[in-house]
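2 protein chains.
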Amino acid sequence: MSGAASASSLVASRAAAVAVEVDRLFDSLLAVPDDPRRRLYEAMRHAAMDGGKRLRPLLVQAASDLFNISRDSALRVGIAVECIHVYSLVHDDLPAMDDDDLRRGKPTVHKAFDEATAILAGDCLHDLAFEVLADEETHPDPFVRVELVKALAIASGTSGMAGGQMMDLEAEKASFDLPTVTRLQQMKTGALIAFCVDAAAIMARIPPEARTRLHGYARDIGLAFQIADDLLDVVGDAGLAGKALGKDAAAGKETFVSLLGVERAREQGRLLVEQAKAHLHGHGPEADLLRAIADYIVERDR
Amino acid sequence: MSGAASASSLVASRAAAVAVEVDRLFDSLLAVPDDPRRRLYEAMRHAAMDGGKRLRPLLVQAASDLFNISRDSALRVGIAVECIHVYSLVHDDLPAMDDDDLRRGKPTVHKAFDEATAILAGDCLHDLAFEVLADEETHPDPFVRVELVKALAIASGTSGMAGGQMMDLEAEKASFDLPTVTRLQQMKTGALIAFCVDAAAIMARIPPEARTRLHGYARDIGLAFQIADDLLDVVGDAGLAGKALGKDAAAGKETFVSLLGVERAREQGRLLVEQAKAHLHGHGPEADLLRAIADYIVERDR
Chain Z
116 MSGAASASSL VASRAAAVAV EVDRLFDSLL AVPDDPRRRL YEAMRHAAMD
166 GGKRLRPLLV QAASDLFNIS RDSALRVGIA VECIHVYSLV HDDLPAMDDD
216 DLRRGKPTVH KAFDEATAIL AGDCLHDLAF EVLADEETHP DPFVRVELVK
266 ALAIASGTSG MAGGQMMDLE AEKASFDLPT VTRLQQMKTG ALIAFCVDAA
316 AIMARIPPEA RTRLHGYARD IGLAFQIADD LLDVVGDAGL AGKALGKDAA
366 AGKETFVSLL GVERAREQGR LLVEQAKAHL HGHGPEADLL RAIADYIVER
416 DR
Chain U
116 MSGAASASSL VASRAAAVAV EVDRLFDSLL AVPDDPRRRL YEAMRHAAMD
166 GGKRLRPLLV QAASDLFNIS RDSALRVGIA VECIHVYSLV HDDLPAMDDD
216 DLRRGKPTVH KAFDEATAIL AGDCLHDLAF EVLADEETHP DPFVRVELVK
266 ALAIASGTSG MAGGQMMDLE AEKASFDLPT VTRLQQMKTG ALIAFCVDAA
316 AIMARIPPEA RTRLHGYARD IGLAFQIADD LLDVVGDAGL AGKALGKDAA
366 AGKETFVSLL GVERAREQGR LLVEQAKAHL HGHGPEADLL RAIADYIVER
416 DR
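Order-wise, the sequence lines are chains Z and U. Under the working numbering, the first residue of the first sequence is numbered 116, with each subsequent residue one higher. Under the working numbering, the first residue of the second sequence is numbered 116, with each subsequent residue one higher.
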């Protein structure tokens with residue numbers, strides 16, 4: 116097997132295992148009650164279960180490999196970050212935001228249910244993320260748990276994902292340059308990706324000043340991921356993606372592809388992946404999954 | 116001064132002080148950045164600042180009086196619960212939910228800004244609640260901080276506020292009986308109110324089994340508060356309330372007033388307040404503010 120093929124098969128096998136574990140934990144956390152909240156839980160299950168690449172839970176596992184973090188802790192942190200990711204998709208798909216009918220090949224939550232239920236289901240997944248992190252099952256050390264909460268709240272709020280989404284809304288009105296688009300994307304998708312890697316270091320009680328190379332890895336794959344997304348939005352297959360494509364150009368938004376062109380964007384993505392892997396030079400086989408994920412990020416077709 | 120008059124003046128003076136402190140802390144937490152997120156921060160400030168009775172931060176202070184909790188800790192916990200309360204109002208006012216134009220006498224966030232900004236501003240206030248609680252400025256003990264996070268996540272999610280809101284949506288389709296309306300309201304408004312009182316006990320490291328009477332107080336004032344709200348919705352003054360009234364009847368929802376009638380509902384509210392105060396019998400003057408808040412809750416005109 117070539118290096119790339121073995122990397123992609125490593126990602127595929129671990130990703131498949133993580134996807135099963137994520138769905139099993141969601142199934143137990145979101146057991147449908149026999150009362151008038153049934154519809155809320157069904158909407159949360161529709162949004163959270165049986166879909167997506169589960170890239171973020173996989174990243175938490177990959178970073179946890181470096182520090183011998185227990186698989187259960189990594190899974191619960193992965194579920195928490197997936198709750199944030201999924202809630203943001205549910206709200207982002209609403210008519211007042213991106214107005215999407217299709218997500219992960221299924222009707223969006225407000226289409227399958229209704230808008231009010233979609234808003235509440237997103238809000239409840241948002242709470243569930245912090246409830247899961249704060250629970251002692253996630254990690255025995257309360258300091259670790261509260262640091263995870265703080266890091267995730269920052270990564271998802273005004274300084275992270277939601278702040279980036281706000282900049283993205285403004286991008287339809289303004290014409291952002293490359294540094295602004297880079298900052299927007301580092302917030303909108305990069306912050307949660309960085310949290311996944313940082314969470315493992317928090318669980319291992321690695322002090323912040325010793326996380327520079329890991330942060331470098333996270334920043335580089337976060338940007339590479341977004342460049343790959345922008346490329347898929349232009350040259351991808353909507354059937355494989357399970358969602359509408361070509362929306363950025365239609366909305367008049369600047370992206371890495373509109374600013375750099377397809378070829379230079381692709382080149383930049385590959386460069387970032389090499390740079391990301393260089394940050395892992397000090398590590399041995401325990402970083403193989405992190406390396407493979409970096410490669411996968413620019414090679415994926417959805 | 117009569118007992119009731121001195122109770123109401125105690126609430127008024129402490130509430131005024133709390134309102135100033137809450138606005139000052141929001142002003143510093145929500146300093147507007149000079150970048151494309153400006154509109155997001157302005158929407159959050161519009162929603163969070165200069166308005167409301169600040170009943171929840173006041174309750175945290177009142178319960179903190181029992182245990183000599185520092186005023187700074189109580190204020191930060193009060194801000195966190197106010198963030199959750201305010202975010203829920205912003206989302207609840209959206210066209211897909213209650214479709215309200217006016218809140219606290221001002222245009223609702225989606226009216227003053229737009230729907231997408233309102234959704235994101237609510238989401239960001241939601242994150243800010245947990246960011247504030249997790250920060251070491253809130254309490255020196257990480258175990259206390261993480262217990263606060265867990266309690267607030269549960270009080271605001273499917274088992275608390277948002278779960279109650281979902282039942283409230285279903286109430287338009289079904290005809291709920293008194294036990295179901297009671298459970299709905301215990302979740303929708305009672306859970307956050309109970310958190311305010313519980314938070315002081317968590318900060319004082321009172322074990323859960325020793326919080327029974329405090330929980331009784333919280334449950335009773337929570338229901339009394341909702342009964343008073345239902346009464347104001349029927350007999351209140353929209354100008355004083357700063358929002359539309361008479362909406363429950365228009366939506367065909369059962370409330371305490373529709374199920375009990377105005378007189379019996381009023382009687383039930385007074386009974387709950389006496390019962391709430393009886394839970395405080397073991398306490399001296401340090402519980403005066405909690406007692407005064409119980410009285411205020413049924414006497415208020417908005």
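To be clear, the hints were calculated from the coordinates, so they are not data collected in a lab. Quick caveat, the model's predicted, so the values are computed rather than measured. From the three backbone atoms N, C-alpha and C, an ideal C-beta is built for every residue, glycine too. Some hints could be false.
Claimed, not checked - Simulated DEER-style distance windows between Cβ atoms:
1. Glu251(Z) to Glu414(U): 38 to 44 Å
2. Lys221(U) to Lys362(Z): 30 to 36 Å
3. Glu324(U) to Val135(Z): 36 to 42 Å
4. Ser124(Z) to Arg219(U): 55 to 61 Å
5. Arg320(Z) to Thr297(U): 41 to 47 Å
Stated by the list, open to error - Covered by chain U, according to a simulated footprint, are these stretches of chain Z (three or more residues, beta-carbon under 8 Å):
6. 146 to 157
7. 247 to 258
Here is how each hint holds up against the structure:
1. Glu251(Z) to Glu414(U): 38 to 44 Å: holds, 42 Å
2. Lys221(U) to Lys362(Z): 30 to 36 Å: This hint holds: roughly 34 Å between Cβ atoms.
3. Glu324(U) to Val135(Z): 36 to 42 Å: holds, 39 Å
4. Ser124(Z) to Arg219(U): 55 to 61 Å: Between Ser124(Z) and Arg219(U), where Cβ atoms are some 58 Å apart, the hint holds.
5. Arg320(Z) to Thr297(U): 41 to 47 Å: holds, 46 Å
6. 146 to 157: holds (count 6)
7. 247 to 258: holds (count 5)
Consistency note: the structure conflicts with none of the earlier hints.
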